[in-house]
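J.: The primary structure of each chain is shown beneath.
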Amino acid sequence: MRNTVRELRLARALSQSELGAALAVSRQTINAIETGRYSPSLPLAIKLARYFRTTVEEVFHVEDED
Amino acid sequence: MSRTRTRPSLKNRMRRWQVPVLSVLLGLVFLLAGAARGRVGLGLAMATIMFGYAAFLVAFSRSNEAVALLREDSADERRAQIQLRANAMVGNVLILVAVGGFLIQFLREEDTAIWAALAAIGGVTYMVSALVFSRRG
Numbered sequence: 001m002r003n004t005v006r007e008l009r010l011a012r013a014l015s016q017s018e019l020g021a022a023l024a025v026s027r028q029t030i031n032a033i034e035t036g037r038y039s040p041s042l043p044l045a046i047k048l049a050r051y052f053r054t055t056v057e058e059v060f061h062v063e064d065e066d
Numbered sequence: 067m068s069r070t071r072t073r074p075s076l077k078n079r080m081r082r083w084q085v086p087v088l089s090v091l092l093g094l095v096f097l098l099a100g101a102a103r104g105r106v107g108l109g110l111a112m113a114t115i116m117f118g119y120a121a122f123l124v125a126f127s128r129s130n131e132a133v134a135l136l137r138e139d140s141a142d143e144r145r146a147q148i149q150l151r152a153n154a155m156v157g158n159v160l161i162l163v164a165v166g167g168f169l170i171q172f173l174r175e176e177d178t179a180i181w182a183a184l185a186a187i188g189g190v191t192y193m194v195s196a197l198v199f200s201r202r203g
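Here the protein sequences line up with chains A and B, keeping their order. Here the first sequence is numbered in the numbering used here, starting from 1 and rising by one per residue. Here the second sequence is numbered in the numbering used here, starting from 67 and rising by one per residue.
These are calculated hints, taken from the structure and not from any lab test. Be aware that a few hints might be false.
[Unchecked claim] Short, incomplete list of chain B residues facing chain A, as computed with Cβ under 8 Å: (1) E131; (2) E138; (3) S140; (4) A141; (5) D142; (6) R144; (7) R145.
Glycine included, every Cβ here is placed at the ideal spot set by N, Cα and C.
If we strip away everything but chain A, and leave its shape as in the complex, we get (with noise of 0.2 Å):
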């Protein structure tokens, strides 16, 4: 699934710890994400789209299966 994680994060000059800590997780999870290695659950998802003022479907999009 990608997602559009750090180009939020960058347009806003935060880092992956800063991000990390409003969300109550780890620099690493954050990473994680946006490399793709981690899908977040729904209330992360929900959490992580609230904070950047938009919608879910506008951070995450899954990739259509040939």
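Model the placement of chain B on the given structure of chain A, informed by the hints.
T.: Chain B in isolation, oriented as in the chain A frame:
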């Protein structure tokens, strides 16, 4: 958007100290048990290992995620998932060892009771857990 840092809750701050404190307490238990059996040196060595482990967790849990996992340092959902996987791996390995031990003892025509009991406990625990967790959704 807010850049305010979220302060960890009291529960989370207390959880950070559970494993180090438990390690120190276990060290003290080993020390007392060693002294009670007249083996102070052994008790002291085991206590030193436990105290060292606690110090290691406290010193490196901020800089190393694997150490943070050993310390159960956060309520982070990804880390909770890693803990679950690690626990499942421990269960799988122990069951494998129990079944392997049973088979080896069986082939040697020696007593298999302890291995059979361990494997049975593992199997029953798995079945009961599956039942309970499936009902909880």
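J.: Would the stated hint for B:E138 survive a check requiring a Cβ distance to chain A of less than 8 Å?
T.: 13 Å, violated
J.: Take the shortest C-beta to C-beta distance between B:S140 and chain A; is it under 8 Å?
T.: This interface hint holds because 6 Å falls under the 8 Å limit.
J.: Would you settle whether the hint for B:D142 is holds or violated, based on the nearest Cβ-Cβ distance to chain A being less than 8 Å?
T.: 5 Å, holds
J.: Next item in the hint list is B:E131. Is there a CB on chain A closer than 8 Å to its CB?
T.: Given a least distance of 5 Å, the restraint on B:E131 holds.
J.: Identify whether the interface hint at B:R145 stands, where standing means a beta carbon of chain A within less than 8 Å of its own.
T.: Given a least distance of 7 Å, the restraint on B:R145 holds.
J.: Under 8 Å, Cβ to Cβ, is where B:A141 needs to be relative to chain A, so tell me if that hint holds or is violated.
T.: Check passed: Cβ of B:A141 comes within 7 Å of chain A, closer than 8 Å.
J.: For the restraint on B:R144, tell me whether the closest CB of chain A is nearer than 8 Å.
T.: 4 Å, holds
Hint 2 from the list above is the single one not met by this structure.
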